[in-house]
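Peer 1: Note that the sequence shown covers residues -22 to -1, 1 to 281 in mature numbering (1 follows the signal peptide of the UniProt record, and there is no 0).
Hints in this document: simulated from the structure, not taken from any laboratory. Note that beta-carbon positions come from the ideal geometry of N, C-alpha and C, so glycine has one too. It is possible that some hints are incorrect.
[Said to hold, decoys possible] Taking lysine-lysine pairs in the DSS-like style, the calculated list, with each CA pair at most 27 Å apart, reads: (1) K257 with K238; (2) K226 with K58; (3) K204 with K238; (4) K257 with K155; (5) K163 with K238; (6) K204 with K58; (7) K143 with K155; (8) K58 with K265; (9) K268 with K163; (10) K265 with K163; (11) K163 with K257; (12) K258 with K268; (13) K204 with K268; (14) K226 with K204; (15) K257 with K268; (16) K155 with K265.
[What the hints assert, rightly or not] Here are the in silico distance ranges between beta carbons for each label pair: (17) G156 with K58: 38 to 46 Å; (18) R141 with P200: 19 to 27 Å; (19) P182 with Y154: 33 to 41 Å; (20) G87 with K155: 32 to 40 Å.
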Amino acid sequence: MLWTVLLALLVLLLLQTQLSVCLRELRTGGSSSSPPSSSSSSYNATQQRLPGAIIIGVRKGGTRALLEMLNLHPDVEVAKAEVHYFNVEEHYRRGVAWYRAQMPFTLPGQLTVEKTPGYFAAPQVPARVWDMNPAVRLLLIVRDPAERLISDYTQVLHNRLTRQKPYQPLEELLLYKGHIDPGYKALQRSLYHQHLARWLEVFPREQIHVVDGDALIQDPFPELRKAERFLDLPPRINPSNFYYNATKGFYCLLSAGHDKCLDESKGRPHAPLSSQALKKLCRYFRKPNKLFFEMVGRSFSWC
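All chains, full assembly: derive it from the sequences and hints.
Peer 2: This is the structure in structure tokens:
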């Protein structure tokens, strides 16, 4: 009889313990209090984060090259595609959660970088970027504005010809009655001082780092070291990460034994422009360039 009572008490005690475990799991949504496995811990450590730095432009200034070179750094992860969140209304209406979902997965301490060159010249963008993160760091890569304009036209021309659509010669778009046409959109994108002024109405100058796009093409490492310092990154990119590809005519990237060159659209031969028209274009840019140099506190060897 005594053994029967003791056995019944033991069964009741076990049932009570099991009930307590079940109730605790119900209160915590069924999660286990045991530590996660190493694989789930690694997964939970990564997440999509809003960018801590954005390459805002300029279009045809070398933004893709800059992004790929920054991606050599082990503490940097980049958005592979241009997101156009701040300058395309359809995207912006989707909200910041949609924007975050376009970013790569990163570990704590890694820097997320996005690049969309269309941001620089879009009037509504600076305030929108500030609203997203007033501490975000901005990279602006510039090149000779006349060369940038010709490269801009060349890309549009190539896209039109690929779709078998006609396109006017550059000189017809650039000149009106023998004078530079200020209404030509590719020309307006090269007026760097006008666009930078809008950004400086929102962001302090020290939050915008200007990269010399021409120098980046000729010798990438010094410009990348400056960018590392601006982004508060430890120096991890080295001259050995770059090698000159004589066939392509520009530097390619080397990391962990693997090389990578930019796609065939980079280094594409420019559309022709007469020397007379080019001289007019360079004269037109003299005053805008001087204003830009004063704004950034440095000068460039442009035409």
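Peer 1: Now, for every hint given, state plainly whether the structure supports it.
Peer 2: Verification of the supplied hints:
Taking the CA atoms of K257 and K238, the gap is near 37 Å; set against the 27 Å cutoff, the hint is violated. Our distance criterion of 27 Å between C-alpha atoms is met by K226 and K58, whose separation comes to about 22 Å. With a C-alpha separation of about 22 Å, the suggested pair K204 and K238 falls inside the 27 Å cut-off, and the hint holds. Proposed proximity of K257 and K155 is supported: the alpha carbons are some 16 Å apart, at most 27 Å.
A C-alpha spacing of about 33 Å is found between K163 and K238, which places the hinted pair above 27 Å, so the restraint is violated. With a CA separation close to 23 Å, the supplied pair K204 and K58 stays within the 27 Å bound. Taken as a hint, the K143 and K155 pair is honoured in the structure, with Cα atoms around 26 Å apart against an allowance of 27 Å. Of the pairs offered as hints, the one joining K58 and K265 is violated, with about 36 Å between alpha carbons and a cut-off of 27 Å exceeded.
For the proposed pair K268 and K163, the alpha carbon gap of about 21 Å is at most 27 Å, so the pair holds. Taken as a hint, the K265 and K163 pair is honoured in the structure, with Cα atoms around 18 Å apart against an allowance of 27 Å. Pair hint K163 plus K257 holds up; C-alpha atoms about 19 Å apart against a cutoff of 27 Å. Restraint check for K258 and K268: satisfied, since their Cα atoms lie roughly 16 Å apart, inside the 27 Å limit.
Only pairs whose Cα atoms come within 27 Å are accepted, and K204 paired with K268 is accepted, the gap being roughly 23 Å. Annotation: proposed proximity of K226 to K204 holds, straight-line Cα distance about 26 Å (limit 27 Å). At most 27 Å may separate the alpha-carbon atoms for a hinted pair to count; K257 and K268 meet this at roughly 17 Å. For a cut-off of 27 Å, the pair hint linking K155 to K265 stands: about 22 Å separates their Cα positions.
Judged by the Cβ atoms, the range 38 to 46 Å given for G156 and K58 holds: they are separated by roughly 45 Å. For the hinted restraint 19 to 27 Å between R141 and P200, the CB-CB distance of approximately 40 Å leaves it violated. Take P182 and Y154: their Cβ atoms lie about 39 Å apart, and the range 33 to 41 Å holds. Against the hinted window of 32 to 40 Å, the Cβ-Cβ separation of G87 and K155 comes to about 58 Å, which falls outside the hint.
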